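Each protein sequence line maps, in turn, to chains A and B.
The numbering of the first sequence is the numbering used here, which starts it at 26 and goes up by one.
The numbering of the second sequence is the numbering used here, which starts it at 12 and goes up by one.
The set of hints was computed from the structure by calculation and includes no laboratory data.
It should be emphasised that the depicted structure is a prediction, and the values quoted were computed from it without experimental measurement.
There's no promise every hint is true.
Among chain B residues calculated to face chain A with C-beta under 8 Å, some are [what the hints assert, rightly or not]: (1) Glu-56; (2) Gly-57; (3) Gly-65; (4) Gly-69; (5) Glu-92; (6) Gln-236.
25 Å max Cα-Cα, derived DSS-like pairs, lysine-lysine [stated by the list, open to error]: (7) A:Lys-223 to A:Lys-204; (8) A:Lys-204 to A:Lys-281; (9) B:Lys-169 to B:Lys-186; (10) A:Lys-190 to B:Lys-169; (11) A:Lys-281 to A:Lys-121; (12) A:Lys-190 to B:Lys-186; (13) B:Lys-46 to B:Lys-169; (14) B:Lys-46 to A:Lys-255.
Idealized CB from N, CA, C, for every residue including glycine.
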Amino acid sequence: MNVAETGVALDSRSKHLRSLVIDGLSAGRGHVGSSLSIIEIIRVLYDDVLSVRPREPKWPDRDRFILSKGHGCLGLYAVLADHGFFPAAELKRFCKPGALLGGHVDAHIPGIEASTGALGHGLPIGVGAALAARMRGRPSRVFVVTGDGELDEGSIWEAALSAAKHGLDNLTVVVDYNKLQSYGRIDDVMPLEPLADKWKAFGFAVREVDGHDVSALRDVFQALPFAPGKPNAIIAHTLKGRGISFAELDATWHHKSTVDEAMIMRLRSDLEQN
Amino acid sequence: MRQSALNSVYDLAKRDPRVLFIGSDLGAGVLEKFKTEMPDRFFMEGVSEQHIIGMSAGLAMDGYIPYFNTIATFLTRRCYEQVAVDLGLHELPVRLLASGGGAVYAPLGPTHIALDDIALMRAIPNMTVVCPADAPEMSRLVEATLDWPGPVYIRFGKGGDPVVSSADRPFALGKAIMMRPYGEIAIMSTGVMTARCLKAADELAGSGIGASVIHFHTIKPLDEQTVRDAASTCSLVVTVEEHSRIGGLGSAVTDVLADAGITTPQLRLAFPDQFVGTYGSQDSVLQSVGLQPPEIAKSILAGLETRASRRLARSDTG
Numbered sequence: 026m027n028v029a030e031t032g033v034a035l036d037s038r039s040k041h042l043r044s045l046v047i048d049g050l051s052a053g054r055g056h057v058g059s060s061l062s063i064i065e066i067i068r069v070l071y072d073d074v075l076s077v078r079p080r081e082p083k084w085p086d087r088d089r090f091i092l093s094k095g096h097g098c099l100g101l102y103a104v105l106a107d108h109g110f111f112p113a114a115e116l117k118r119f120c121k122p123g124a125l126l127g128g129h130v131d132a133h134i135p136g137i138e139a140s141t142g143a144l145g146h147g148l149p150i151g152v153g154a155a156l157a158a159r160m161r162g163r164p165s166r167v168f169v170v171t172g173d174g175e176l177d178e179g180s181i182w183e184a185a186l187s188a189a190k191h192g193l194d195n196l197t198v199v200v201d202y203n204k205l206q207s208y209g210r211i212d213d214v215m216p217l218e219p220l221a222d223k224w225k226a227f228g229f230a231v232r233e234v235d236g237h238d239v240s241a242l243r244d245v246f247q248a249l250p251f252a253p254g255k256p257n258a259i260i261a262h263t264l265k266g267r268g269i270s271f272a273e274l275d276a277t278w279h280h281k282s283t284v285d286e287a288m289i290m291r292l293r294s295d296l297e298q299n
Numbered sequence: 012m013r014q015s016a017l018n019s020v021y022d023l024a025k026r027d028p029r030v031l032f033i034g035s036d037l038g039a040g041v042l043e044k045f046k047t048e049m050p051d052r053f054f055m056e057g058v059s060e061q062h063i064i065g066m067s068a069g070l071a072m073d074g075y076i077p078y079f080n081t082i083a084t085f086l087t088r089r090c091y092e093q094v095a096v097d098l099g100l101h102e103l104p105v106r107l108l109a110s111g112g113g114a115v116y117a118p119l120g121p122t123h124i125a126l127d128d129i130a131l132m133r134a135i136p137n138m139t140v141v142c143p144a145d146a147p148e149m150s151r152l153v154e155a156t157l158d159w160p161g162p163v164y165i166r167f168g169k170g171g172d173p174v175v176s177s178a179d180r181p182f183a184l185g186k187a188i189m190m191r192p193y194g195e196i197a198i199m200s201t202g203v204m205t206a207r208c209l210k211a212a213d214e215l216a217g218s219g220i221g222a223s224v225i226h227f228h229t230i231k232p233l234d235e236q237t238v239r240d241a242a243s244t245c246s247l248v249v250t251v252e253e254h255s256r257i258g259g260l261g262s263a264v265t266d267v268l269a270d271a272g273i274t275t276p277q278l279r280l281a282f283p284d285q286f287v288g289t290y291g292s293q294d295s296v297l298q299s300v301g302l303q304p305p306e307i308a309k310s311i312l313a314g315l316e317t318r319a320s321r322r323l324a325r326s327d328t329g
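Using the sequences provided together with the hints, build the complete structure.
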């Protein structure tokens with residue numbers, strides 16, 4: 026199943042957030058494809074789902090969002106800037122000396138819960154955060170977005186065992202299933218199918234969704250928790266590089282370190298026509 | 012020592028609701044009373060060290076103070092990236108209770124013998140590294156960790172180790188303890204080697220050599236002032252540790268002396284840069300590498316002679 030291939034058109038907000046990602050490429054580098062595939066997931070979470078306060082990022086009762094695929098940071102920075110966690114101008118200083126925003130999410134940034142970048146760390150931390158919320162009797166929910174290549178890490182499955190053992194229905198893992206990892210196709214590098222069955226076998230309540238369909242994403246998040254006493258897994262079918270026609274489904278756009286001014290203009294132009 | 016540590020964690024948990032206990036897959040019945048009396052704060056999470064470190068980080072981010080116990084090699088090697096990134100980088104107050112530090116698990120072979128744990132943990136920014144001498148000191152130490160900032164690595168001895176620490180000497184993390192003052196030689200040791208060094212110092216006294224013994228229960232942050240002061244007033248600095256000669260107490264002391272430009276001769280007694288290739292007991296393995304009291308004393312006497320003859324040679328040519 027690859028419901029993202031049904032090709033839901035990007036609305037103006039999705040294009041605006043992608044233009045902020047392109048702002049971040051002025052330093053000449055970034056994980057472009059990995060950031061573009063998660064825009065709608067993060068947009069819907071921050072617009073419609075998460076209980077957070079941009080002016081009070083450490084508000085104790087907030088929901089926790091952990092970007093376990095820390096290299097997709099530009100996608101998250103775009104949404105956080107848009108929500109006022111920090112000025113959007115910071116995106117134009119991305120990865121420059123003295124900048125607030127670097128190439129992987131960092132807990133010193135307002136709105137970032139955990140520094141990640143090494144893969145397989147976010148879900149174990151999310152299990153701890155979900156346990157803590159429950160122990161304190163708080164309504165806080167925990168959302169962890171992982172990559173699909175990231176699921177190769179054993180620590181993800183260690184944490185999955187634990188989440189099910191503890192019945193953490195306040196924990197949701199969202200898999201950005203764009204079918205490409207750094208080297209190439211997931212199916213070639215390390216096949217994950219049957220992915221939904223794996224999460225089910227590990228004790229999760231599972232839903233699949235088109236990860237670029239804003240309406241479908243709202244509906245699936247609205248349905249949480251999917252089953253009392255079970256952690257939740259949402260397999261979001263996405264396109265790596267979504268929104269840039271020549272980057273979509275192209276593994277070489279996983280990360281680019283040679284983005285010049287001409288390429289930035291080309292990216293902006295292509296995004297507008299998408 | 013392990014029992015003292017776990018009892019101390021229990022005592023802390025009884026009076027402080029932030030304290031949690033997490034084990035991997037420990038022996039049956041460990042801390043049963045903790046589990047019975049405070050079930051919401053007792054976790055046995057299975058053989059999943061990488062996950063447990065991350066989970067501890069998530070709990071600590073919310074104000075809890077997790078004490079995580081498993082075997083030293085698994086707590087350091089298996090989940091090193093999680094310890095460095097989830098705990099060190101985030102400066103989280105997770106306490107790592109490392110069973111079987113050094114050669115305690117000698118009968119079980121090199122997968123269980125922890126001779127690189129101090130080096131690995133020292134290299135992580137924000138990490139505190141402690142190796143108490145005996146069970147009573149372990150209790151004082153665990154007590155002191157409650158509100159200590161950042162992660163702490165706590166190395167356990169075998170248990171039943173001779174008691175050489177004393178409640179009369181004030182205990183503070185990061186502050187070395189003078190166990191035996193005054194001497195032309197300063198012996199610096201950590202963990203259960205301190206008891207052996209005190210015996211070695213007695214043997215040296217029989218040979219007319221005065222040796223002080225300074226116990227560094229905290230290897231990081233090291234009590235650098237005490238290192239500098241002792242090295243400046245003695246003729247030989249000896250470090251003794253149940254650890255590889257790479258990256259442990261001897262390395263830390265050498266760093267301090269080199270940075271301060273103190274050129275007092277040094278003798279570093281430690282395990283060679285090899286996996287232990289034999290079985291037996293902690294004591295027999297220590298003996299095989301010259302780390303029991305008679306061998307320590309002999310090495311120090313030989314070291315004194317070697318350095319004296321070098322001085323003579325230099326003065327002859329000078």
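Okay, the hints, checked on the actual structure:
1. Glu-56: holds (6 Å)
2. Gly-57: Holds, about 7 Å.
3. Gly-65: holds (2 Å)
4. Gly-69: holds (2 Å)
5. Glu-92: With a minimum Cβ separation of about 6 Å from chain A (threshold 8 Å), the hint on Glu-92 of chain B holds.
6. Gln-236: violated (32 Å)
7. A:Lys-223 to A:Lys-204: holds (16 Å)
8. A:Lys-204 to A:Lys-281: Holds - the C-alpha atoms of Lys-281 of chain A and Lys-204 of chain A are around 18 Å apart, at most 25 Å.
9. B:Lys-169 to B:Lys-186: Given that 25 Å is the threshold and the Cα spacing comes to 24 Å, the pair holds.
10. A:Lys-190 to B:Lys-169: Violated. Lys-190 of chain A to Lys-169 of chain B sits at ~33 Å, over the 25 Å cutoff.
11. A:Lys-281 to A:Lys-121: holds (16 Å)
12. A:Lys-190 to B:Lys-186: Given pair Lys-190 of chain A, Lys-186 of chain B is violated - Cα atoms ~42 Å apart, limit 25 Å.
13. B:Lys-46 to B:Lys-169: holds (24 Å)
14. B:Lys-46 to A:Lys-255: holds (24 Å)
Hints 6, 10 and 12, counting from the list given before, are not met by this structure.
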